[in-house]
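Go ahead and model the full structure; you've got the sequences and the hints to work with.
So you can see what is in the structure, the chains are spelled out below.
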Amino acid sequence: MTNTILEMRSITKTFPGVKALSDVNLDVREGEIHAICGENGAGKSTLMKVLSGVYPHGTYEGQIFYKGEEQQFRSIRDSEHKGIVIIHQELALVPLLSIAENIFLGNEQAKNGVIDWDETRDGARKLLSMVGLSEDPDTLVTNIGVGKQQLVEIAKALSKQVQLLILDEPTASLSEKDSQALLDLLMEFRKQGITSIIISHKLNEISRIADRVTVIRDGRTIETMENEEITEDRIITSMVGRSLDDRYPNREPKIGETILEVKNWSVYHPQHRDRQVIKNVDITLRKGEVVGIAGLMGSGRTEFAMSLFGKSWGQKITGEVFMHGQKIDTGTVGRAIRNGIAYATEDRKTFGLNLIDHIKNNTTIANLPGVSRWGVIDDLAELDVANDYRKKTNIRSSSVYQAVGNLSGGNQQKVVLSKWLYANPDVLILDEPTRGIDVGAKYEIYTIINQLAAQGKAILVISSEMPELLGITDRLYVMNEGRIVGEMPTSEASQEKIMRSIVRAEGKAS
Amino acid sequence: MTVQTAPTGTPADQTKSQELSFFGAVRANMRDYGLLLALILIMVFFQYFTAGVLFKPVNLTNIILQNSYIIVMALGMLLVIVAGHIDLSVGSVSGFVGALAAMLMVGWRFPPELAFLANPIVAGIICLIVGAAIGAAQGYLIAYHKIPSFIVTLAGMLIFKGLSLAILAGKSVGPFPTEFQLLSAGFIPDVIGPTTLVAASEGVQPLVLHTTTMVIAIVAVVATVFFAIRTRARRKARGYDVEPFSLFVVKNVVIAALVLFFAYMLASYRGLPNVLVVMGILIAFFVFLTKRMTFGRRIYALGGNLKAAALSGIKTERTTFYIFAIMGALAALAGMIYAARLNSATPKAGQGLELDVIAAVFIGGASALGGVGAVAGAVIGAFIMGVMNNGMSIMGVNIDWQQMIKGVVLLAAVFFDLYNKNRSA
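First to last, the sequence lines map onto chains A and B.
Residue numbering for the first sequence follows my numbering, beginning at 1 and increasing consecutively.
Residue numbering for the second sequence follows my numbering, beginning at 1 and increasing consecutively.
Simulated from the structure, these hints should not be mistaken for lab results.
C-beta atoms are modelled at their ideal positions from N, C-alpha and C, and glycine is treated no differently.
Careful, some of the hints might be misleading.
With beta-carbon atoms standing in for the labels, derived distance ranges [stated by the list, open to error]:
#, chain 1, residue 1, chain 2, residue 2, range
1, A, P270, B, Q403, 46 to 52 angstroms
2, B, L37, A, E90, 36 to 42 angstroms
3, B, I255, A, Q72, 55 to 61 angstroms
Below you can see the structure in the form of structure tokens.
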């Protein structure tokens, strides 16, 4: 019989106007990997913030027992002191400090305020080897990839004598290979008796490594399942409250004539003049068609899309763009938009939205002339537009005056879509349109994509989730190292076939 | 097009159009009303502690004259700060332009064919253009060469401080032609003719009102209320939320009463100062610009998230450039108002004004990170500082204490602002 290391009893947390958690129970056994699943906005992160003391004792109701004692954490320091360390989705590393400095940040290896650098480096090296990272501890964090940064975070947690490690969406921005390594590491930790709580949307990962899974929905605990009970279907059923027979809506494509042609598109890296990142890419999109670009991380898909959209990335851009057979200029974002191209970014918080402003102003910003005359905005017309798109894209908010920063990821993505729908493009490029959003919202976004295609728009979808591309597109391009290395109708495509074109291209290149 | 709800989703909570409750609406707008309330409380406080001097017509007129140049610059600074920048040069630029105005009008001896340059109107226009050009030059470096505004305008501050010393050759230059003095010292003519309420007689102070001033105030109030009612009716007709009727009435009555009260005070002295007319037009225009014009909206968008704004097709560089050009022109206008008020240009004119201007904008609720701020807030912020300066001077508070108290007020204002935001977040 294993011991319970953590028990959270009847946790209720209320924000002004919203009950984020109501009567949530969670128990975690010593030495297990415990997954927490739920849609965005279900309350997972809030629960972890209650646990780690971000929301101090007294701001919530309920009790927390850790190692059999009731805890009243007033800050993160309190919980870390007891060996509970949380690693957030957005990494908390200082980019211009070294790996070693980051690991011991706030916990410096020092005597009387003077840092012992030998101790720091040795300690860092020891911790890095524990997480399987062979980097010089003096390397600046900014110079290593996201996957390795994640490992540095974990090394930092280990330096704090972690006993309960909480990871919030640890693999969201990692490549397949890095995710794999991270999950292996967690299983290694399990052997050493470190307990982990992992929050993730990637159900295949959870069903592989989790010993138990607790599902939260609308701020309530739905169920906790164990071992062989854990299946993707069952988790989904619990998360959404109903079973999802189909994760992708039905699609009946009506494909017409060619709308967009990009010919011989080449782009060089913005900092390294000699590095060609996009190499002679040709693509065509037809009316009513949903086309995907598959590829590994770093294959140049986002760079291609952004360079096409007003030269927003790269330099020495060459190539031609034809819209409805006419050559068009996409040299600035404004001209690209006026010529019928829209690009919804993969990183909505950094590049897509003004988080401190509300839904209305974010919806109309790319097409202000549509609600104004002679530079004067007709505010009622604008309000009508915002409400209209809020309804069309099913944004869940109290009104269009809600700040976008307070919305869940799925609803934020719908605001991004609203903005580009209102700009009324002929060609809509969607870069990772469902990254970090929950199953229900994904379905809604797929539906919107289908409807846009049905209206005769051409949609180009960039996605790292192959099942998604296979589920929603009509045709696929495969990109690798800045080149189109394959093209196939989706009906004939499979994950294996896509991977084969990538591997074949790699073989040729080397 | 409607999105079919996912087989999973919960139905979207449809909000119905409804009137908010009175207190709910008050709380929702606490930030806006709070600032105005603070100004009124400060005025009442000084009215009491200056034994009634603060609200004397002559003193109220003075407060407006003393703060006009701060408010003019605060309008431009609001745009700069909302865009996520800062302009430290405005004090020096205003001083330099004041000096330039003095040299054009009285300092330099022009040959006859260029004598028109000394004409106050021509000189005024030249000054505005020079100010805009200075702002544009700084804006060009900031927008297109991405040099931080803090550095560019810090350099500008030093350069124009030096330039005003240079062109004045270290001396004060004045006095100005009478026409130019009217900018600060003049009052609008009473075209209708005075109204005598209490005639002069033994032991009774006469009370004569500047009728034109009262008429303008009444017209302004009627127009404002008319537009407020129309906007409310339109919103309601389209089924949108409106504030409760009781609050709507209270708000409009209070604002109308305040405006009429101040107009009455001004009318019982010498009427509307010219500079208040200029200020009023500028304030109205900037409120419109920030709330209703696409240019204003784009400033908020780029201040809130520069990258997202650029990827939405906003010409972020050009917008930033224009903002600084506008700031330069306003600094020039402020410099002329200041010089006209002193009736001479001095090498020290304008120094340190940038700090008062920036303080006014921050007291008014703008965010140092950009993307947040309102014209009304900046104006009220400027008046809060102005009334405190005036009240403390009348009370005979030493200048050292005045500085400290102003510093504390700035801190307190920003502190409460952030405190409220964090609590509501």
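Going through the hints against the structure:
1. A/P270 <-> B/Q403: 46 to 52 angstroms: holds (48 angstroms)
2. B/L37 <-> A/E90: 36 to 42 angstroms: Since B/L37 and A/E90 have Cβ atoms about 39 angstroms apart, the given range 36 to 42 angstroms holds.
3. B/I255 <-> A/Q72: 55 to 61 angstroms: Violated: the Cβ-Cβ distance is about 49 angstroms, outside 55 to 61 angstroms.
Hint violations for this structure: number 3 only, all remaining hints satisfied.
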